[in-house]
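Based on the provided sequences and hints, a complete structural model is requested.
There are 2 protein chains.
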Amino acid sequence: MAKWLEDDEIEEDIVISTRVRIARNLDRFKFPQIMNDSESDQLTNIILNRLKENEDNYKFFKVKDLDEKQRVSFVENHLISPQLLKSSNHGSFLIREDERVSIMINEEDHIRLQALLPGLNMEKGWDICSTIDDFIEEDINYAFDEKFGYLTSCPTNVGTGLRISVMLHLPAISMTGHLKNLGESLRKLGLTIRGTYGEGSKGLGSLYQISNQTTLGQSEQEILFKLDKIVKQVINREKGTRNFLENNRRIFLEDRILRSYGIIKNNRQISTEEAMNHLSNIKLGIDMNIVEKIKSKDITNLMIIIQPANIQVDSNKEMDRKTINIERSKLIRDYFKQWEE
Amino acid sequence: MAKWLEDDEIEEDIVISTRVRIARNLDRFKFPQIMNDSESDQLTNIILNRLKENEDNYKFFKVKDLDEKQRVSFVENHLISPQLLKSSNHGSFLIREDERVSIMINEEDHIRLQALLPGLNMEKGWDICSTIDDFIEEDINYAFDEKFGYLTSCPTNVGTGLRISVMLHLPAISMTGHLKNLGESLRKLGLTIRGTYGEGSKGLGSLYQISNQTTLGQSEQEILFKLDKIVKQVINREKGTRNFLENNRRIFLEDRILRSYGIIKNNRQISTEEAMNHLSNIKLGIDMNIVEKIKSKDITNLMIIIQPANIQVDSNKEMDRKTINIERSKLIRDYFKQWEE
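Protein chains in written order, with this note's numbering: chain D, 1 to 341; chain Z, 1 to 341.
Don't read these hints as lab results, they were simulated from the structure.
Heads up, a few of these hints could be off.
[What the hints assert, rightly or not] Simulated pairs of lysine to aspartate or glutamate, EDC-like, Cα-Cα distance not exceeding 20 Å:
{"no.": "1", "chain 1": "Z", "residue 1": "LYS330", "chain 2": "D", "residue 2": "GLU254"}
{"no.": "2", "chain 1": "D", "residue 1": "LYS337", "chain 2": "Z", "residue 2": "GLU254"}
{"no.": "3", "chain 1": "D", "residue 1": "LYS330", "chain 2": "Z", "residue 2": "ASP255"}
{"no.": "4", "chain 1": "Z", "residue 1": "LYS330", "chain 2": "D", "residue 2": "ASP320"}
{"no.": "5", "chain 1": "Z", "residue 1": "LYS330", "chain 2": "Z", "residue 2": "GLU340"}
{"no.": "6", "chain 1": "Z", "residue 1": "LYS322", "chain 2": "D", "residue 2": "GLU254"}
{"no.": "7", "chain 1": "D", "residue 1": "LYS322", "chain 2": "Z", "residue 2": "GLU246"}
{"no.": "8", "chain 1": "Z", "residue 1": "LYS30", "chain 2": "Z", "residue 2": "ASP139"}
{"no.": "9", "chain 1": "D", "residue 1": "LYS322", "chain 2": "Z", "residue 2": "GLU254"}
[To be verified] If we take Cβ atoms under 10 Å as the criterion, some of the chain Z residues that face chain D in the derived model are:
{"no.": "10", "residue": "MET35"}
{"no.": "11", "residue": "ARG250"}
{"no.": "12", "residue": "PHE252"}
{"no.": "13", "residue": "GLU254"}
{"no.": "14", "residue": "ARG259"}
{"no.": "15", "residue": "TYR261"}
{"no.": "16", "residue": "GLY262"}
{"no.": "17", "residue": "ILE264"}
{"no.": "18", "residue": "LYS265"}
{"no.": "19", "residue": "ASN266"}
{"no.": "20", "residue": "ARG268"}
{"no.": "21", "residue": "GLN269"}
{"no.": "22", "residue": "GLU318"}
{"no.": "23", "residue": "ILE326"}
Using N, Cα and C, we set each Cβ at its ideal position, and we do this for glycine too.
Here's what the structure looks like:
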């Protein structure tokens, strides 16, 4: 199981995970885009030295020391951003032992600190970030402006530097074609909803991420409060649509879910896209008591470990796409065997 | 199980069934297309009276006494032709107790006598037809011309009036796109290959029917010999293609077959077309030892009983298409339970 997912106290209920991240930059250092190697080394050392004094244990990785499949695997596990891989020369990151905290160095900003938690957990995520942020700030001077707040390399992050992203599983809204409406409503409220390939795109496995768009002119607490309220509305809408389907289109729903179950348990080669869709249907089936014995969180975990780089890291081999599809099929079928009598 | 399929001595090996039929007309009667009610009654009685003297037991049905689902069900069971249903006023038929012999009255000709046997069985089919034909002819005068042979309402049947049709399961040839070539080769040899909706069409469940096109200028034995030889060539081609797939595209094949198995066992509504395709894949899987425990002939039987009219006759209800699809799904899943441990 992905480490950050492990938490039996936190129940998944449509919300898969909450990510809270803050963007920070050190005073008197150039932004990452324009610094040279020695400036980057100096900056990285300052941050590392400060974090050595923290009681938590972190593992440190330099992007340039990792091979391609390892790099992408960290992204697939939601531990680092795809953006960090673009700064392969200066980029590095720290992962806390429980994998719930990542600190990226020289991504778009000097520091991108994120807390990743299962379920809907904004307050806790913010507490974690805020505590580590304070610890760093005790010893390090951030670029901060009285009027604008924290300064960042891209103006969209100026202010609190805070972005909260909630990952939701929205199969019913997605199935009934109500996603476009939802996107428009959210945009008016200053939020975005993204599928797998950014705003407006369809989410693989019906997974969608809702985040705040503005970081300026609002306090952290205001951002949290507003997002929490709206996410709960979206959850209710998804639940309402599920009820509608259950009451009016029961056979369609069962058929769709159980076909996915039959395919997932029997295929011999499967792409990420197809597997994500079937797993999404099965996850919906678990939530609606159409599929029994399986836990929703195990499907979430499966959605992570079947990603292409994870499969290659797992078997420590570079593979072509066809081989990955065959391995993915085996992995999923083996995983499902735990629920067979 | 469809009665005519029951025969443990006859093994299915790509060939599902052999149908031998002869067209006969009574001397001094108008052809069915232009006769009136009393002529039709008279003709029907002559034939019925003759057959009463036969030692075999027949059930007699008038098309006009049957409702729509009953009519179509006889067609789906391959016991009568769709053409007979068009002559709903004058058409009638006799079915022998074992359902291997049908005698249609006033289809396109006065008499259409068919023997239907599982597997490749032309000689036996011809023997059955020939014996009954001789029995009828002892007492009834057929329209016969020394030069042309038996006279029929459509010139394509003049001569022997004999048409032999062999139903083959050709999933590998069909999958690899070699069907068009095969059709062209057969046409040059005076044979036709038909899918579900006639010549050139795709066969539902990869079922194709090969028959002789000419009935004139060849003896019955010549027709039999030629068709037998060519059908065996087609069988070899299908087997060769299966071997090719097994050796070169094993994963593709297993994936396709086992997905069908997963879908068939889990869906909650399914159309005839889709079910036929999955059953065809499963049948191929049985023949190639990819699917275990199930007998190939049971799948053939399933391919018959899931047809829409059969489902309605079985539950003695008229149903809309959606309901039929739901019933079909249940029927198939129940049927598959016999193979579960």
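Of all the hints numbered above, which does this structure not satisfy? Sort the numbers upward.
4, 10 and 22
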